[in-house]
Amino acid sequence: MSEAPAPLRVLIVDDEEPARQLLTELLADEEGCDVVGECRNGFEAVQAVHGAAPDLLLLDVQMPKLDGFEVLELLDPAPAVIFVTAFDQYAVRAFEVHAVDYLLKPVSAERLHAALLRVRQRLAGHEAPPPAQALARAARPGAWLDRVLVRDGEKVHVVPVARVDYFEAQGDVVLLRVGAERLRKATTLNDLEKELDPSRFLRVHRSYILNLDRLAGLELYAKDSRVAILKDGTRLPVSRPGYARLRSLL
Amino acid sequence: MLHPLLSRPRALGPYLALWLAPGSLLGAARAVVVPGDWRPALAITVPLCAIYAFVCLGAWYPALANPPAVGPTRVVGVQLAAAGTAAALWLALGRWWAGVLAGLLPDTPRVFHDLLPLLATAGVLFWLLAAAACYLFLARDAAHQAERQTLEAQVLAREAELKALRAQMDPHFLFNALNSVSALVATDPPGARRMCEQLAGFLRGSLELDRSERIPLGKEVALAHAFLQIERVRFGDRLRFVSEVDDAAAAVEVPPLLLQPLVENALKHGIAHLVEGGTVTLQAKRRRDTLYIIVDNPIDPDRPPSPGVALGLENVRRRLQATYGERALVVVETRPERFRVELRIPLQPPAPEGPAAAASPAPPPGGAGGEG
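So the protein lines, in turn, are chains A and B.
Counting the first sequence from 1 gives a position; our numbering is that position plus 33.
Counting the second sequence from 1 gives a position; our numbering is that position plus 119.
Worth flagging that the hints you see were computed from the coordinates, not collected in a lab.
Computed from a predicted structure; not experimentally measured.
Ideal Cβ placement from N, Cα and C applies to all residues, glycine included.
A few of these clues could be false.
Covered stretches of chain A (chain B as the covering partner; in silico rule of three or more C-beta atoms under 8 Å from a C-beta of chain B) [unchecked claim]: (1) 62–70; (2) 134–143.
Over the 12 Å line for every Cβ pair with chain B, so calculated as not near, a few chain A residues [to be verified]: (3) ARG73; (4) GLY75; (5) GLU77; (6) LYS98; (7) PRO110; (8) ASP179.
Extracted from the complex, chain A is given alone in its bound form:
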């Protein structure tokens, strides 16, 4: 490393002003670091990453709207990430999503410096950024998914699963039906099925996962073929294995 490397473009994401201040100040003493922005929540962070294309995220975990892990899930590919939090219990999860480092608050200058060195090493090694989305999902602790994140260009929708009527596979995306709205999420029905609480969401068909709360009735439509009637009148096909699963559950 004889030549001065290009400055590291850093985005600071934290909902607390003093915390952002501290990081900005500590980074001012570091050589070759440009703070390209500060974000107060996960939404802002997702937008800023698209706009400012930073090399590094200094990312808080607990934030309004989207937490740090959810931000990562929406960024694909994600920049290098250093988590900065007062909580040590996320460390394992952080490294599972390939965070470069994990800093505990109160942040010390030495520790931040060491973390930045690791970032430079990783970037110099041209290491491929990890598929953050898949990893964030793999790292989700035991509980069932309670909200679905959908990125729509610059916009991010946070949809509580309870509000989804059904999920529909459409080519390489999944369509979320939320009342009159339709949202497209880049995932597969198989992946979603594994994450949803099986007592509330059921794969009634190869192409449909139904929110059981919405089920109003079943109708025999032809021999061995049924349709599910939803409370709003929507009719969804129910396959034979889907019907068997439904019967065992109800």
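Assemble the complex: chain A is given as a structure, and chain B must be docked to it using the hints.
Then chain B, alone, in the frame of chain A:
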């Protein structure tokens, strides 16, 4: 241990009066069986029974020395021997007394001679009755003691439970606060110093509360204010709070750190999830014999209440129940955009007992606090 009757001098009078009954009855029995002058018989039996009343108190000591645990054979043997001895001594005394009375009523020694078998039987019987009474008393005493021990054990268990349930301060609050101080040191040194002072004040206060059994609610409210001031540095304008606490409510003594977990929850699970923040409302009011403590905060409708909230509240609920029993309530109200916890704490039941209850006028209904 002294005989229970001797330790209660006032009971001695009725006890002696009780013994007049057998004294008169024994004399009367003789008068009925052998008509004639009834005076010698009564002159013998009444004073003798009065004296035997005292002699029978002696049954206490063999009873004490031979508790039921030594076995029925030994108890009966010892008391029979004691009864025989006591009756014999008593009769010797009676013979002497009859001799003394002979000067007044010449018939007396003969009458005493006639009465001898009856008196001997009565002597043994009375002693045994007295001994039985002693054993009854001892048994009742032991039962009382066992009951008291059970109660004491229950109190100890409850205290241990309360200690275990005592609210623990969230250490992350400290780490975050220190991070803020670290930031302020460069940009706002007086602010950093102020925050150090506030932090020290809060820590000292919470340690002090933690050591007390009961504290006036006002103290806890002050601690909550200190906590909110510190968190305001972190959250900035996102955190606003309103506090409405009646003087009557502030004076009520409550177990410490009931309010603190509610306020911590309001920030951690409410304000912290809101981009624009919101207002935490803290109310404490007293209506008749109930203290209401209410913490109300906005929540993010898209974020379902996390299991941590229920856990913290369960802890508060158990602490309240350990102190006040089933009459204390934790009422949780979750609406899409607000979260409200209400503690209802019964004040000491007998109204004249608590001077505060009698002195403080009931606040006008619908005063400081609104309904839901």
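Evaluated hints:
1. 62–70: The restraint on the region 62–70 of chain A is violated, since only 0 of its residues have a Cβ under 8 Å from chain B and three are required.
2. 134–143: n = 4 at 8 Å, threshold three: holds.
3. ARG73: 7 Å, violated
4. GLY75: 9 Å, violated
5. GLU77: 9 Å, violated
6. LYS98: Given that some Cβ of chain B is not farther than 12 Å from that of A:LYS98, nearest at about 6 Å, it is violated.
7. PRO110: Non-interface label on A:PRO110 holds, nearest chain B Cβ at 26 Å vs cutoff 12 Å.
8. ASP179: Violated, since 5 Å does not exceed 12 Å.
Going down the numbered hints, you'll see the structure goes against 1, 3, 4, 5, 6, 8, while the others check out.
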